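Q: The lines below spell out each chain.
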Amino acid sequence: MSAKEQPVRIAQITCGAEYSGIQNEITSAAETVGAKMFYPDVALKDVKRAYKDFGLPVKSPDLKLAIARAQAIVEGRIEADGIFIASCFRCAEAAIVRNELRRYIVENSKIPVVSYSFNERTGASTLLTRLEALSTIAKRRALMAREVQVGTTMGVDSGSSTTKCIIMQDNEIIGTGWRPTTDVLKSADDVVSLALTESGLKLSDIDAIGTTGYGRFLVGKHIKADLIQEELTVNSKGAVYLANAQKGFATVIDIGGMDNKAISVKDGMPGSFTMGGICAGASGRFLEMTSKRLGVDITELGALSMESEGGENVPMNSYCIVFGTQSLVNALAAGYKPADVAAAACHSVAQQVYEQQLQEVDIKEPVIMVGGSSLIQGLVRAMGRMLNTEVVVPHHAQYIGAVGGALISSGFVDKKVKEA
Amino acid sequence: MKPYVPEYVGTVTKYVFVDSPNTTPQDIATAAYEIAQGVMIKETCFGCQITGSPEDVDRIISHLRVLDPYRIFIKDRGFPPGDSRRCRADLGGARPGYLGHEYEMSFIRYISHGLEETGGMNKTSLKKAAGQPLPLEEPLDADLLEKLFSEET
Amino acid sequence: MAKVFIYPATSLILSDLVARFGHEPLGSALSIREHVQTPGFDSPPIQMTSEDPQKGLKWAAVEVPSGIRGRMALYGPLVEEAEAAIIIDEPDLAFGCMGCARTNELLVFMLREKEMPKLELRYPASKEEGVTFVAKIKQFLKELEVKE
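Residue numbers (the working numbering), protein chains in the order written: chain A, 1 to 420; chain F, 1 to 153; chain B, 1 to 148.
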């Protein structure tokens, strides 16, 4: 951030953060991404009025205060670039308020909002991606508004399980690279050379580069990226671009290797989003374990699961990855067919995503599934049944972050041309 | 993690609130400054904050209470005055505790009145006054509610 | 002089009356002051760290939200120290340290459980009630002196 640049102002609407000992984690995470947290200033009369107007009869005074703070922003009395709503994990009262406030803000303002539940172990690194996404939307509106890729650009997505690379030219994908993530930089180098070979280009032919995913900073520095951006905004942009849903509403679901993301998008811009954090159960990792236990490659799990009707009758619970694996073993021991078990694992993951993530965003069609897990047909089918809709899986869905990176970074091509 | 070295260790900070037609917050602060003897006094919109050794703070408080005994109210504070961790200018908004004070100050005149009235009471009249009902608000009994409802209709 | 737990623990009125009538009020400020004046790791604003909710496990189980356990780490030691308590019914507009209804429920229960003199009442809603309110508290605090 340059000295002149104003920090992005993120309104903090939380209950319990100071007493969980994590307030400093929130503040530090915000500072790292060039943002500043602030408490919307309200008086007692505002609290009384907001509580009455909003109509949710909560008992905790700090939740009444949260309602007043949200109302002050929605009514325009206080300006904010983004809103961070969070409360203690396992607090039912706060979860109701958090969800209703998120809905209220999304429906009545254009300010991006992220909601989260924390415990005392929540660290700045966990919060970073979420706050960075809020900051991105505020700071990079012009870049994020891009709908067409120009020039020759590259996107690299350094994910927790896999590393992906995409090269695009004049709005077409011309090179791809995909590798499991081992050594972060080596995996990145490998996928970059795969994509360059496929496209028949040299690195010097690339006009701009964007990186995303867990390893975005390291890889970004290594390959001198023009854009280093978190995966929430990059993936959602890539998703609506590939699914041709850049206008109007869309919901993007990305079941990743370590966490799941659900993003509600309007006109190509993320409005509210959530990302699993407390526990990695019910993520793509569970499906990896399922395929290992069934003795099939993860790429074959989708086809296997489609041999079953859906596996809803197989007892399976992926809420916790340990107990989930146990139910997997039990199901096989009880004589269920591998295809049914595979489908049941898909159903269970879809169910957990539905219960844990999709309650925190507004589901609006089209529902777009992206990421490597969207190639597992049984998972897409299960999610579609759960949401009672036809889920869209765009081409190159497994490369979503890399596509988003290539698309958004093409904003730097014009800039470079101008500078030249 | 960064190590934390606290400041003002061993001190206490007290808020002094005043709600009176006769005494202004400035009067309170001025009176406190007069006998401060190096103790930190910070004037505020509601009175002042005093930070120092427990003995020094007690000495100043005893002096202030006499100025307007029924309308001066005192409370402990965890932070020293002007601490940036609690300052409105740094946080963007008031710390939550401020609103709690705002609430109690909205009816503090009843307490002032109570102090004034009970100030002159002897043992017997105090006991009698203390025996008056100040019931906890009971929710309306369901039968009573039904009766009231049927009477209205 | 008795140590009197005040509930709401952030109350200006109770803190003042208890001290004015010669006793020591035990409230949030004392615990916060202890945190703010103790060296350790920097964790602004109130110097509470993840260790506080862990300490709170003494009073609330692990499935209880971290914010409640953290607050209990502030109040638990004070309740143990308390020799008497004044409890105001329904502090629905006390924020921050008293901002969580679930913590407040547990706190009131702990105070009620403890064998010590207690006074439960509500805030006055008129000048007349102000007299009764102050008289009750004054009388209660005087009786504590007799017991001592």
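Hints in this document: simulated from the structure, not taken from any laboratory.
Keep in mind it's a predicted model, so treat the numbers as computed, not measured.
Mixed in with the good hints there might be a few duds.
[As the list claims (entries may be wrong)] Derived DSSO-like pairs (lysine-lysine); straight-line CA-CA distance at most 30 Å:
no. : chain 1 : residue 1 : chain 2 : residue 2
1   : A       : 48        : A       : 186
2   : B       : 127       : A       : 48
3   : A       : 221       : A       : 36
4   : F       : 127       : B       : 55
5   : F       : 123       : B       : 55
6   : A       : 202       : A       : 48
7   : A       : 247       : A       : 415
8   : B       : 127       : F       : 127
9   : B       : 127       : A       : 45
10  : B       : 127       : A       : 52
11  : B       : 127       : B       : 55
12  : F       : 123       : A       : 36
13  : B       : 118       : F       : 127
[Stated by the list, open to error] Short, incomplete list of chain F residues facing chain A, as computed with Cβ under 8 Å:
no. : residue
14  : 54
15  : 89
16  : 91
17  : 102
18  : 103
19  : 119
20  : 120
For every residue, glycine included, the Cβ atom is placed at its ideal position computed from N, Cα and C.
Q: Against each hint, give a clear statement of whether it holds in the structure.
A: Hint-by-hint comparison with the structure:
no., hint, verdict
1, A:48 - A:186, "violated, 58 Å"
2, B:127 - A:48, "holds, 23 Å"
3, A:221 - A:36, "holds, 25 Å"
4, F:127 - B:55, "violated, 42 Å"
5, F:123 - B:55, "violated, 45 Å"
6, A:202 - A:48, "violated, 64 Å"
7, A:247 - A:415, "holds, 25 Å"
8, B:127 - F:127, "holds, 18 Å"
9, B:127 - A:45, "holds, 22 Å"
10, B:127 - A:52, "holds, 27 Å"
11, B:127 - B:55, "violated, 43 Å"
12, F:123 - A:36, "violated, 58 Å"
13, B:118 - F:127, "holds, 17 Å"
14, 54, "violated, 26 Å"
15, 89, "violated, 10 Å"
16, 91, "holds, 5 Å"
17, 102, "holds, 4 Å"
18, 103, "holds, 6 Å"
19, 119, "violated, 29 Å"
20, 120, "violated, 33 Å"
Of the numbered hints given earlier, the model fails hints 1, 4, 5, 6, 11, 12, 14, 15, 19, 20; all others are met.
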